[in-house]
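Let's have the full structure, built from the sequences with the hints guiding it.
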Amino acid sequence: MESFQIIEIVAVVFGVLSVWYAHKENIRVFPFGIINVLIYIYICISAQLYANAGINVVYFLSNVYGWYNWSRTNENQESLQISRNTNRQNILWFILSIVLYGVTVYILRAVNQNDPTYLNSILPWIDGMNTSFFLCATLLMTIKKIENWWFWIAGNVISIPVYFSQGLYFTSFQYAVFLVIAIMGLRAWNKTWAERKQYRDMV
2 MESFQIIEIV
12 AVVFGVLSVW
22 YAHKENIRVF
32 PFGIINVLIY
42 IYICISAQLY
52 ANAGINVVYF
62 LSNVYGWYNW
72 SRTNENQESL
82 QISRNTNRQN
92 ILWFILSIVL
102 YGVTVYILRA
112 VNQNDPTYLN
122 SILPWIDGMN
132 TSFFLCATLL
142 MTIKKIENWW
152 FWIAGNVISI
162 PVYFSQGLYF
172 TSFQYAVFLV
182 IAIMGLRAWN
192 KTWAERKQYR
202 DMV
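Offset between the sequence shown (1-based) and my numbering: plus 1.
Honestly, the hints are just simulated from the structure, not real lab data.
It cannot be assumed that every hint is accurate.
Quick list of simulated restraints, FRET-style, between CB atoms [said to hold, decoys possible]:
#1 Gln199 <-> Ile28: 39 to 45 Å
#2 Val158 <-> Trp194: 22 to 28 Å
#3 Val158 <-> Asn121: 22 to 28 Å
#4 Gln114 <-> Met185: 40 to 46 Å
#5 Glu196 <-> Glu76: 21 to 27 Å
#6 Ala111 <-> Val14: 31 to 37 Å
#7 Ser80 <-> Asn191: 18 to 24 Å
#8 Asn121 <-> Val14: 35 to 41 Å
#9 Val104 <-> Gln82: 30 to 36 Å
#10 Asn86 <-> Phe5: 38 to 44 Å
Below, in silico cross-link-like pairs of lysine-lysine (DSSO-like), each with a Cα-Cα straight-line distance of 30 Å or less [to be verified]:
#11 Lys192 <-> Lys25
#12 Lys25 <-> Lys198
#13 Lys145 <-> Lys192
#14 Lys25 <-> Lys145
#15 Lys198 <-> Lys145
This one's a predicted model, so the numbers in the text were calculated from it and none came from an experiment.
Each residue gets a CB set at the ideal place from its N, CA and C atoms; glycine is no exception.
In structure tokens:
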């Protein structure tokens, strides 16, 4: 097995552990996530997936902030709780994802302007789309919004064939696992939110 594949497998392990802890609403999501994204910055640059390399830098910063935000407590010594967006907030996040998509595609095409094969392919459009979804997902995760899982699900569905086409088979498998865990996370967080809401309504 080549050293690059070993590095990829290590990244996959930390990535799966990170998402698993996320669906459990466990703060360990962040230290495992930080290790995962640092490895993937290297992997994505090597595979010329520049937008995904860039998003992993944002992931790193988001993991640091999320770790802080999930750790702190309010004046009642309560930690951050799972919540839902309002309809207006959902519209704003949808608009943000479109803006991020446009910006990412523009950057990708600018970076690869001397590569006509890349420019004439569908890759920059697909890469840009899953980048915008993952950016929104990771930001929503740091503030414990249930809607983060919908963005993760959409991005994972796109990422599976993208990484497979680049020969990153372990990474493609990772995103298939991520997809399953994201669906589990959506169900688990909805259940937790409903139970806490019921408790608050009774008090």
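Verdict for asparagine 86, phenylalanine 5 (Cβ pair) under range 38 to 44 Å: holds (40 Å)
Outcome of range test on Cβ distance (asparagine 121, valine 14; 35 to 41 Å): Since asparagine 121 and valine 14 have Cβ atoms about 36 Å apart, the given range 35 to 41 Å holds.
Cβ distance range 22 to 28 Å for valine 158 and asparagine 121, holds or violated: Given a distance of about 24 Å, which is inside 22 to 28 Å, the answer is holds.
Hint check for tryptophan 194 and valine 158 - Cβ pair distance inside 22 to 28 Å: Distance hint for valine 158, tryptophan 194 holds at roughly 24 Å.
Lysine 25 paired with lysine 145 [C-alpha distance capped at 30 Å]: holds (12 Å)
Satisfaction of the hinted span 31 to 37 Å by the C-beta atoms belonging to alanine 111 and valine 14: Taking Cβ atoms as reference, alanine 111 and valine 14 lie about 34 Å apart, which means the hint holds.
CB-CB spacing for glutamine 82 and valine 104 relative to the 30 to 36 Å hint: Given range 30 to 36 Å: holds, Cβ gap about 32 Å.
Lysine 198 paired with lysine 145 [C-alpha distance capped at 30 Å]: holds (15 Å)
Cβ distance range 39 to 45 Å for glutamine 199 and isoleucine 28, holds or violated: violated (24 Å)
Beta-carbon spacing of serine 80 to asparagine 191 - inside the hinted bounds 18 to 24 Å or not: With a Cβ separation near 19 Å, serine 80 and asparagine 191 satisfy 18 to 24 Å, so the hint holds.
Restraint status (C-alpha distance of lysine 25 to lysine 198 at most 30 Å): Since the Cα atoms of lysine 25 and lysine 198 sit roughly 18 Å apart, the hinted pair holds (cutoff 30 Å).
30 Å Cα cutoff - pair lysine 145, lysine 192: Holds, because 14 Å separates the two Cα atoms, which is no more than 30 Å.
Going down the numbered hints, you'll see the structure goes against just number 1.
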